[in-house]
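Residue numbers (our numbering), protein chains in the order written: chain A, 1 to 433; chain B, 1 to 308.
Some hints could be false.
When the alpha-carbon atoms are kept at most 25 Å apart in a straight line, the in silico BS3-like pairs for lysine-lysine are as follows [claimed, not checked]:
| no. | chain 1 | residue 1 | chain 2 | residue 2 |
| --- | --- | --- | --- | --- |
| 1 | B | K133 | A | K232 |
| 2 | A | K382 | A | K182 |
| 3 | A | K410 | B | K172 |
| 4 | B | K172 | A | K247 |
| 5 | B | K133 | A | K271 |
Since the hints were made in silico from the structure, they are not lab data.
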Amino acid sequence: MRKIALVSAIVLLAAMLVPAMAWSAPKEIKIGVIYPLTGPAAAAGRELRAGAELAAEIANKVMPNINMDMAKNAGVKSMGGAKITLIIKDHQGNPQLGADLAKKLIKDDKVVGILGCYHSSVTKTVSAVCERYGVPMINGSSTSPTLTKRDFKWFWRTTPHDKWFTKDLFEFLVGLTKGRAKGVKAVPKQDLNPLAAACEKTEWGSNVAIEIKNFAKEYGFTLASDILYAAKSPDLSSEVQSMIAAKPGAMLFASYTSDALLMIKTLKSMKAKPKIIWGQDAGFDKPEFVALGDDIVGILTRSVFLPSVVKMKPLSGQVNDLYVKMMGHDLGGASARSFTGLQTWVYVLEKAGSTDPKAIQAACNTISIPGAQLVVPWVGIKFSTKGEEIGQNVLGGGLIGQYQKQKDGKIGLEVVYPFDIATAPMVYPFQGY
Amino acid sequence: MEELGIQILKSAVSGLIMGLVFALVALGLTVIFGVMDIVNFAHGEFLMVGMYTTLLTSPLLGVDPVLTLPLAGLVGAVLGVMCYFGLIRFLLRGPMIAQLFGTFGLMIFLRNLALLFMGSEPRIIHEGWLVGKSILVGPGVVLESTKVAAAALSLISFAVVWWFINRTRVGKAITATSLDAEGARYMGISTEYMNALAWAVGGASVGVAGGLLVNFWPVEPGVGLLFTMIAFATVALGGFGSVRGALVAGILIGFIVNLPPVWDAILRSIDAAGLRGMEIHSFKYTMVYAVYFLIMVLRPQGLFGWKQ
Chain A
1 MRKIALVSAI VLLAAMLVPA MAWSAPKEIK IGVIYPLTGP AAAAGRELRA
51 GAELAAEIAN KVMPNINMDM AKNAGVKSMG GAKITLIIKD HQGNPQLGAD
101 LAKKLIKDDK VVGILGCYHS SVTKTVSAVC ERYGVPMING SSTSPTLTKR
151 DFKWFWRTTP HDKWFTKDLF EFLVGLTKGR AKGVKAVPKQ DLNPLAAACE
201 KTEWGSNVAI EIKNFAKEYG FTLASDILYA AKSPDLSSEV QSMIAAKPGA
251 MLFASYTSDA LLMIKTLKSM KAKPKIIWGQ DAGFDKPEFV ALGDDIVGIL
301 TRSVFLPSVV KMKPLSGQVN DLYVKMMGHD LGGASARSFT GLQTWVYVLE
351 KAGSTDPKAI QAACNTISIP GAQLVVPWVG IKFSTKGEEI GQNVLGGGLI
401 GQYQKQKDGK IGLEVVYPFD IATAPMVYPF QGY
Chain B
1 MEELGIQILK SAVSGLIMGL VFALVALGLT VIFGVMDIVN FAHGEFLMVG
51 MYTTLLTSPL LGVDPVLTLP LAGLVGAVLG VMCYFGLIRF LLRGPMIAQL
101 FGTFGLMIFL RNLALLFMGS EPRIIHEGWL VGKSILVGPG VVLESTKVAA
151 AALSLISFAV VWWFINRTRV GKAITATSLD AEGARYMGIS TEYMNALAWA
201 VGGASVGVAG GLLVNFWPVE PGVGLLFTMI AFATVALGGF GSVRGALVAG
251 ILIGFIVNLP PVWDAILRSI DAAGLRGMEI HSFKYTMVYA VYFLIMVLRP
301 QGLFGWKQ
C-alpha cells in the first residue's frame with residue numbers, strides 16, 4: 001500500500017513537473033550577429049553593431065520614454081521576459097569567412113537565429129548556411145535584388161532593395177512633373193527628359209543600370225545615354241562628354257567613393273547643367289562627398305535614413321538621442337537599418353512565443369509591424385510569402401535626400417521624397433556648374 | 001553633322017590633353033627602364049607620394065598647391081635615390097625575376113605605409129589656383145585647368161629630359177650606361193651614379209606630376225594603380241626606354257580613350273535607333289590594350305623602341 005502511495009506520489013509529481021518543464025521559457029535568447037567589423041567596411045561595421053546593440057538594450061529594459069512596444073517590457077514578454085543576447089562576429093567582408101562563422105554560431109553557440117551581414121555577397125553565403133540548417137535569418141541592410149529571389153524558406157529581408165530605390169527615383173520624377181515636390185511648381189516632363197545614366201560596371205552598378213533602363217521605359221522617359229564605366233578609371237571626361245552631349249534633363253549615377261568625387265569634379269569642369277543630379281547612395285552619401293562643399297548643393301541621393309527624419313518622426317528622435325549618447329553622432333542608414341533588423345527579431349520572437357524554428361518561421365511569414373513602431377520612415381514590415389520574391393518586406397520604402405546649405409552654413413541632407421514627409425522645400429533646378 | 005564635327009574637335013582636344021597627362025606619368029618609368037632595364041612597379045606609388053606631398057604641405061606652408069610642386073619633385077627624387085641605394089642596387093645582383101618581385105614588393109610596402117599613416121579615405125584639395133577652374137577653348141570645348149597645366153608641364157618635362165639625355169655630357173653618360181654598362185665603366189663613367197641619377201630624374205618627374213594631378217584627382221593609397229596601368233601600356237607601346245615613344249604613345253592612348261563620345265555622336269547623327277544602347281564607354285580601356293596587343297605582335301620593340 002505504501003509502495004502504491006509512493007509510486008502514485010511520484011507519478012503525480014512527475015505529471016505536475018513535465019508540463020511545467022515543457023512550458024518553461026529560456027532565460028536568454030541568443031541571436032548571432034555577423035557584420036564587417038574590420039577591413040575596408042569597418043566604419044560601416046561599427047555603426048551596424050551599435051544599431052543592433054541599442055535595439056537589444058531597449059528590448060531588454062523597460063524604457064517608458066521610448067514609444068515602442070519592445071520598450072514596454074524587459075525582455076520578450078511571451079517567453080517570460082527572456083533576455084536577448086547578441087553573439088557578434090566579424091566577417092571582414094569575406095563571404096567564405098561569413099559562412100564559417102554562421103556554422104559556428106549555429107552548431108557551437110546554438111543561436112536561435114542570425115542577423116546580418118551588410119555585404120550582399122556575404123549575406124548570400126550566410127543565408128545559404130542558415131537554409132541548410134533550417135535556422136532563421138533576418139537581413140536588414142543588403143540591397144542586391146537577387147537575395148530574395150531564391151525561394152529560401154529561412155531568409156527574410158527588412159530593407160528595400162535597389163529595384164525599389166530606383167522605382168522611388170522614377171516615382172519622384174513623375175511626382176515632380178505633377179507639382180507634388182515641396183516648394184516646386186509642376187515641372188514639364190520635357191524639362192527632365194531625356195535622362196542620362198552612368199553606373200560603375202561591377203555587380204552592383206550594372207544591376208542599377210538595368211533597373212534604370214527598365215523603369216525609364218515603364219515610366220515613359222527616354223534614356224539617351226546609358227553608360228557603364230570602370231570605377232577604378234583615371235579619367236571620366238569621355239563619359240561626361242557623352243552625357244552632356246545627350247542634353248539630359250536629369251543625370252543619374254551609381255558610383256563608389258573615389259569615382260563619385262572624380263565624376264562631380266569632371267561635371268563641374270565641363271560645366272554640366274542638368275536640372276537634376278541623382279546618385280544611388282554609396283559614393284554620394286559619404287563624408288568625403290560632403291567635403292566637396294558648395295559643388296554638391298542641390299544634388300539628390302537615395303537613402304533609407306537621414307538625420308532630418310527625426311524632425312518629423314518623434315520616435316526616431318527618441319531612439320536617435322540614445323544613439324547619440326552611445327556613439328556621439330546621429331543614426332545613419334546603416335545603424336538605423338541594423339536597429340530595425342534586430343527590432344524585427346524581437347517582434348518575431350514575441351509573436352512566436354517560442355525558440356522553435358518552425359514557430360519563428362510561421363511568425364516571420366505572418367508578422368505585421370506598423371510603421372509607427374519603426375525608426376525608419378516605412379509603412380511597416382510585412383514579408384512576402386508568394387510571388388516573384390520570397391521573404392522581402394513589402395512595406396519598406398526609400399528616401400531621396402537633397403544636399404542643401406543649412407542655417408549653420410554646413411551642407412546637410414534634407415528629405416525631398418516621399419513628398420508627404422519632405423523636411424525642406426526642394427531646390428529646383430540644380431544650379432548647374 | 002555639325003554636332004559630330006564639334007564632338008570630333010572636343011574629343012581630339014581632350015584626347016591630346018589627357019594623352020599628355022598619361023605621357024607625363026609614364027616619363028619617369030621610361031627613363032628608369034631606358035637606363036637600367038628595370039620595370040619599376042612602384043611607379044604609381046611614387047605618384048601617390050607626390051600627391052600626398054602637395055596635399056599635406058600646401059596647407060602646412062600656407063601656400064598654393066602649385067607652389068609646392070618643386071617640393072613634390074624633391075620628395076620624388078629623394079625617394080627614388082633612397083629606393084635605388086636601399087633596394088634596387090641589391091636587386092641588380094640577382095636575376096631579372098628578383099628585380100620584378102623587388103619593385104612589386106616596394107609597391108605593396110609604399111601603398112600600405114600610406115594606408116597606415118593616411119587612412120583609406122580619398123582626399124581632395126578644396127582651394128587653389130587650379131582647383132575647380134576650367135578654360136573655354138572653342139565652341140563647347142571646355143578644358144579642366146589642372147589637365148591643361150599638366151599637359152603643359154608634360155611638354156616642358158619631355159623637352160627638358162630630351163635635352164638632358166641628348167645634349168648634355170651627363171645625359172650622354174646615361175645613354176652610354178644604358179647601351180653598354182660595362183663599356184661605360186671602362187670609359188670612366190660611374191654607372192652607379194648614373195643609375196641613381198636615373199632614379200632621381202624618374203622619381204622627380206612623377207613626383208611633380210602627382211603634385212599637379214592632386215589639384216583635380218582625389219588621392220588615396222591605391223590611386224597609383226589607376227595611372228600606372230596606363231603608364232605601362234604607354235611605355236610598352238612607345239617602346240621601353242624611348243622618351244619620344246612615351247610622348248607619342250601617351251597622346252595615342254589619350255585619343256583612343258576619347259573615342260566613345262565620337263561614336264555616340266555618330267549614332268545620334270545617323271539616328272541609328274537599332275544601334276542605340278551599343279555604348280562603348282565600358283570598353284575604352286579594352287581598346288587601348290587591344291592596340292597595345294596589336295603593336296606588341298607586329299612590332300615587339302614598340303613604336304620607337306630599340307631594346308627588345
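* To do: Below or equal to 25 Å on CA atoms is what counts here, so check A:K410 against B:K172.
  => The given pair, whose Cα atoms are some 58 Å apart, is violated under the 25 Å limit.
Pair hint B:K172 and A:K247, alpha-carbon separation not exceeding 25 Å | At roughly 54 Å apart (the allowed maximum being 25 Å), A:K247 and B:K172 break the hint.
> If you draw a straight line from the CA of B:K133 to the CA of A:K271, is it 25 Å or shorter?
Replying inline: Holds. B:K133 to A:K271 sits at ~10 Å (cutoff 25 Å).
_Pairwise hint evaluation, A:K232 against B:K133, where the allowed Cα distance is 25 Å at most_ = holds (24 Å)
* Taken at face value, is the distance from the CA of A:K182 to the CA of A:K382 at most 25 Å? -> The hint is violated at about 29 Å.
In this structure, the hints that do not hold are numbers 2, 3 and 4, in rising order.
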